Amino acid sequence: MRRFLVFLVMILLPLKVFALTPDEIMKKSQAAFLYQGKDFKARVMMKLISKGGQERVRELTMLRKNFGESGGDQKYFIYFFQPADVKDMTFMVYKYPKKDDDRWLFVPAINMVRRIAAQDKRSSFVGSDFTYEDISGRDIEDDTHAISKEEKIGNRDCYVIKSTPKAADVDYSYKLSWIDKTNFLPLKEEYYDRKGELYKVFTADEIKDIKGFPTATKRTMKNLQSGHRTEVTFSKTDYNIGIEDSLFSERYLKQPPKKWIE
Amino acid sequence: MKKFSLVEFSVRHPKLIVALAIIFTLALMTQFPKMKTDTNPKNMLPKTSDVRVWNDEVEKTFGLYEDMIALGIVNDKGILNQDTLGKIQRITDEILKIKGVSARDVSSFTTIDNVTVEGETLKVAPLMTAVPKTDKDLEILKKMLFENPLFINRIISKDGKTTAIYVPLEKGANGKEIADRIREIVKKEKGDEKYYVAGDPVARDTFGAEMFKLMGIFSPIAGMIMFIAIYLMFRNLSLSISMMMVAMISIIWSMGLLIGLGFPIHIMSSMSPVFLMAIATDSIHIFNEFYFRYREKKDKKTAIIETMNAVGRPVRYTALATAAGFAVLMFMHIIPVKVFGGLVAFGTIILRLLSFSFIPAILTLIKEEKIEKASSREDVELSRTTQFLRSLGSFGTHKPKATVIVGLILFVVAVIGITKINVNNNMVEWFKKNSDIRIADKILNADLGGTSLGYVVAVSKEDDYIKTPEAMRYIEGLQRHLERLPVVGKTSSVADYVKRINRVLHNDDLQYDVVPETKEMIGQYIFLFSMSAKPSDLDNVVDYPFRKANIWVQLKTWDAQAMRDVIKAVDDYKKSHPIPMEFKPAGIAYFNLVWNDAVLWDMLRGFIVAMIVVFVILVFNFRSIKWAIVGYIPLLFTILLIYGVVGFIGKDFDMPISVLSCLSLGMAVDFAIHFISRFKQKLVESSELRIESSEQLKTPNSELITNSLLWTAARPGKGIMLNAVLFASAFSVMMFAPLTPYITVGAFIVSMMMLSAIMTIIYLPALITLMQGWLFKGGLR
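Residue numbers (numbering that gives the first Met the number 0), protein chains in the order written: chain Z, 0 to 261; chain A, 0 to 780.
Keep in mind that a hint or two might mislead.
No more than 30 angstroms apart at the CA atoms, straight line, and that leaves these computed lysine-lysine pairs for DSSO-like [to be verified]:
id	chain 1	residue 1	chain 2	residue 2
1	A	K533	Z	K46
2	A	K518	Z	K86
3	Z	K120	Z	K253
Bear in mind the hints are in silico, worked out from the structure with no lab data behind them. All of these numbers come straight from a predicted model, not from anything done at the bench.
My request is simple: use the sequences and hints to build the entire structure.
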C-alpha cells in the first residue's frame with residue numbers, strides 16, 4: 000500500500016511541477032513575441048483599412064534594442080517612409096515596463112523634435128488599430144492571468160489564457176490569448192469590451208523562422224465594432240544586427256543613419 | 000344590377016354575412032401582434048434615392064454615426080466644480096456601459112481628445128482624466144477648455160454653466176430606450192444640476208412610442224365618441240353598434256393586411272384608423288334615409304331595399320371618389336405616402352362593400368318594434384335640425400347673389416392667405432412646447448452649438464488636395480462665413496485641428512493659431528495628431544486620400560429652412576471665392592430638408608391628380624360636366640378657405656398639413672355628391688308626379704327647383720350634417736393628442752368638415768338657383 004502511494008505521488012508530481020502557470024506562459028510568450036534576440040529590425044508595411052475598404056498606408060522601418068532581461072526596458076527607433084508627406088519623420092520610444100514611456104518625434108517640416116507625453120499606452124499607434132501596447136507589450140503584472148482552456152488553432156496546440164486587467168481604466172475588460180505551446184507566439188487574441196462583447200481580434204497570419212527565431216511576419220488587428228482593420232507585414236526582418244546604443248538619441252532622430260533605416 | 004343583388008342577398012342571408020365578416024376580422028386580427036413602427040424619416044425615401052445613397056456614402060467615408068443623443072448638464076452656479084465634474088465622470092462611465100452606445104466615440108470631459116503642450120512636451124489625452132483635486136488643477140482645466148475653440152459651444156457653454164455628453168448610437172439601436180437609460184442614470188445623482196436629453200433619435204423613437212399610444216388609445220376613444228354621437232342621433236343601440244362595427248372591420252382588415260404583408264407603420268398610416276372611422280360615417284346616409292323610408296312604408300325589407308336604391312348610387316360614388324382621392328397617392332414617390340394612400344383607399348372600398356352587405360344584413364336582423372320606436376322620432380316637419388337646415392338652404396336659395404358675393408370676398412381673402420403660406424417642417428416641433436424633448440432641445444440650442452447637425456462636404460479632384468494651405472484656408476473661411484448665419488451655432492473641420500496643433504507645437508503661441516504655410520507642415524501636423532488621438536477624430540473630418548473634407552455645421556433649429564440657408568450661404572461663398580472644389584450638403588439636417596420638400600411636392604402633385612380624378616368621377620356620377628362643375632365649387636372653396644387660414648395664422652405648411660389636402664378633397668366631395676344626386680332624384684320624382692303622360696322630362700320650373708332644393712337641404716342635408724358632426728367629433732379627439740401633427744390634423748378636419756357641410760348646404764342651393772337656366776338647358780336628365 001505504501002509503495003503504491005509513493006508510486007502514485009511519483010507519477011503525479013512531475014505533472015504538477017512541470018506544468019506551466021499562466022503567468023509563466025505569458026512571460027514566455029512575451030519573450031518570444033517582443034524580446035527575441037538582442038536587437039531587431041524590420042521594414043513594416045501597415046495598411047489601415049476602413050469598413051468601406053478605403054486604405055491608408057504607413058510604411059516605416061522599426062529598430063528595437065533590448066536593455067536588460069526579457070520583460071525589461073527597450074528602446075525603439077522608427078523612421079517613416081509613407082505617407083509621402085511625412086517622409087523623414089522619425090519617432091523614438093524608450094519603453095519602461097513599470098512607468099510611462101518616453102517618446103520623441105521629429106517633425107521635418109519645421110525641423111523640430113518634440114517630446115510627446117504618453118500616459119495612455121492604450122491609444123492608437125499612428126492611427127492604426129494597434130495600440131502602443133500592442134506594438135511594444137504590456138506589463139505582465141498589470142493583469143491577472145488564468146488558463147481558460149487548451150485548444151488548437153489550425154494544427155497548432157495552444158493554451159488559451161484569460162488576462163483580466165487589474166485597473167479599471169483599460170478599454171477592455173478581459174483578453175483571451177491563444178499561445179502556441181511550442182514557440183509561445185500568440186496566434187490569436189480576442190479583446191472583450193467593458194460590456195463583455197468581443198470587439199477586437201488580433202491574428203498572427205504568417206510565422207517565419209528568422210535566424211532561428213519564429214517571428215510573426217504578418218498580423219492583423221480588426222476592430223469588430225468600427226469595422227476598421229489594420230494589416231501589418233514585416234519584411235527585411237533581422238535579429239542581432241548590432242545596433243549601437245547611440246542611435247537612440249535626439250541627434251540621430253534628426254539625421255537617421257542610412258545603414259539602419261534602409 | 001350586381002350591387003342590387005348583393006343587397007338582396009344580404010337581406011335574405013343576414014346571419015351568413017355577419018358571420019363571414021366576423022371570421023375575416025378575427026383572422027386578420029391575428030396579424031396585429033406583428034406590428035412594427037418606422038419613424039425614421041430616412042425611410043420616407045427609398046434606399047436607392049440619390050440623397051440616401053449620398054448620405055450613406057458620406058457616413059461611410061467619414062465614419063459618421065447616423066444617430067447621436069446629447070445629454071445636457073446645466074448648473075446655474077457653473078459646472079466647473081469638483082462636485083459637478085465628479086458627476087460628469089460618473090455619468091459618462093455609466094453611459095459607456097449602455098448597450099447600443101458606441102462607447103469608443105462618446106464625447107465628454109473624460110473622453111474627448113485634447114492637444115496641449117506642457118513645457119517641451121506635447122500631449123494628446125482626454126481633457127479630464129481625473130476630477131481636479133485642487134483649485135489650481137481646476138484653473139488649469141478651465142484654461143484648457145476655454146482656450147480651445149474645439150470645445151467651446153460643444154462641451155462647454157461660453158458662460159461655463161452648461162456641458163453636454165454626446166452619445167453616438169450603434170446602427171439599429173433604439174434611441175428612446177437608450178435615452179430612458181440615460182435618464183435613469185442621471186436620476187441617481189443628487190444636487191442642483193439639471194439634465195436634458197436631446198437629439199434626433201430620441202425625438203424619433205419617442206414619436207414612435209407615442210404613435211402606438213395614439214393608435215391604441217385615441218382611435219378607440221374616437222370610436223367611442225362616434226358611437227355615443229350615433230346613439231344620440233338614432234336612439235338605437237344595434238344601429239350604433241353596427242355602424243361602429245363597419246368602421247372597426249374596415250380598420251382591422253386594412254391594418255391587418257398591411258401588417259400581414261410586412262409593412263411597418265409610418266406616421267401617416269398611424270392616422271389611418273381615425274381616417275377610416277371618419278369615412279365610415281358615410282353610411283349614416285343609409286340609416287338616415289332608412290328611417291325616413293321606414294316611417295313611410297312600415298315594412299322593413301322593402302324599406303331596406305328602397306333605401307339602398309335611393310342612396311346606393313351616391314354612396315357608391317362617394318366611396319369611389321374618396322378611394323380615388325387616396326389611391327392616387329400610391330403613384331407618388333414617398334413610401335409612407337404611398338402606403339397611406341393604398342391603405343385608406345383599400346379601407347374605403349371595404350367600407351363600401353360592407354355598406355351594401357353588412358349594413359343591410361344588420362338592419363334585417365334588428366327587431367321591427369325597436370326600429371319603429373326609434374324612427375318614430377323622425378319627422379321632417381318637426382325635427383329642429385331639419386328646420387335649421389331648411390333655413391340654411393333657403394338662405395342660398397332666396398338670396399343667391401348676396402351669398403355668392405360674400406363667397407367671392409372670402410375667396411379673395413383666402414387667396415391672400417395662401418400666398419402667405421410658409422413651407423417648413425420641424426420634427427422637434429411635432430412635440431408639444433412643454434414636452435421634455437422640446438425643452439431639452441431649447442436649452443441645448445440656447446447654450447451650446449445646436450442639436451441639429453448638417454455637413455458640408457468639400458470635394459476636390461485630386462488626392463491630398465485637402466492638405467494644401469489653399470484648401471485649408473478656404474475651409475476655414477467658409478466656416479467663418481457660415482457662422483455668420485443666425486441659425487448656425489458652431490462649425491468644425493480639419494482646419495480647426497491643424498490650427499490647434501500648429502499653436503501647440505509652437506508653445507501655445509497665439510500667433511500660430513493659423514493654418515500653416517506649407518503642405519508638408521499640414522501633412523505632418525495631421526500625422527502627428529493621428530499618432531495619438533482617437534482615429535475617429537480625424538476620420539470624421541477628412542477622407543482617407545485627403546480628397547474630401549467634412550465641415551460639421553451645428554444648427555440651432557430643426558427647421559428644414561435652416562439647412563436651406565446654409566446651402567445658399569455655401570453657394571454664395573463659392574461664387575465670390577472660386578476654388579477647384581465642390582461643396583455638397585449632407586447629414587440629417589439636409590436629409591430632413593430633402594424629404595420634407597419631397598413629401599410636400601408629392602402631396603401637392605397627388606392633390607392635383609386627385610382633383611382631376613375626383614372631377615372625372617363627378618362627371619360620371621352626374622353624367623354632366625356642368626353639374627360636376629357646380630358640385631366642385633363648394634369643395635374647392637372649402638379647401639381654399641382652410642389653406643387661407645393656415646397662411647394667416649402663420650402655421651407652417653408641413654408634412655401633416657400637406658396630407659390634409661388630399662384628405663379634404665376625398666371627404667368634402669361626398670357632401671356635394673349626396674346633395675346633387677338626391678336633389679336631382681327629388682326633381683325626377685316630383686316631375687314624374689306632375690307630368691305622368693310626358694315621356695320626355697321637361698325643364699323644371701323655378702318653383703319646383705326651389706322646393707326641391709329646400710327638401711334636399713332638409714332631408715339628405717340632415718344626413719350631410721350628421722355625417723359632418725360625427726366626422727368632426729371623431730377627429731376632435733385628436734386635438735388632445737400629445738403630438739402636434741395629430742392635433743393639427745384633428746383641428747383642421749373638424750373645421751373642414753363643418754365648413755364643407757355648411758358650404759354645401761348654403762352654396763349649392765345658391766349656385767343652382769343662380770345657374771338654373773344654364774344647368775337645365777337641355778332639360779332634366
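Comparing the hints with the structure gives:
1. For the hint linking K533(A) to K46(Z), the alpha-carbon distance of about 17 angstroms falls within 30 angstroms, and the restraint holds.
2. This hinted pair checks out: K518(A) and K86(Z) have alpha carbons roughly 13 angstroms apart, not beyond 30 angstroms.
3. Distance restraint check for K120(Z) and K253(Z): the Cα-Cα separation of roughly 25 angstroms lies within the 30 angstroms cut-off, and the hinted pair is therefore satisfied.
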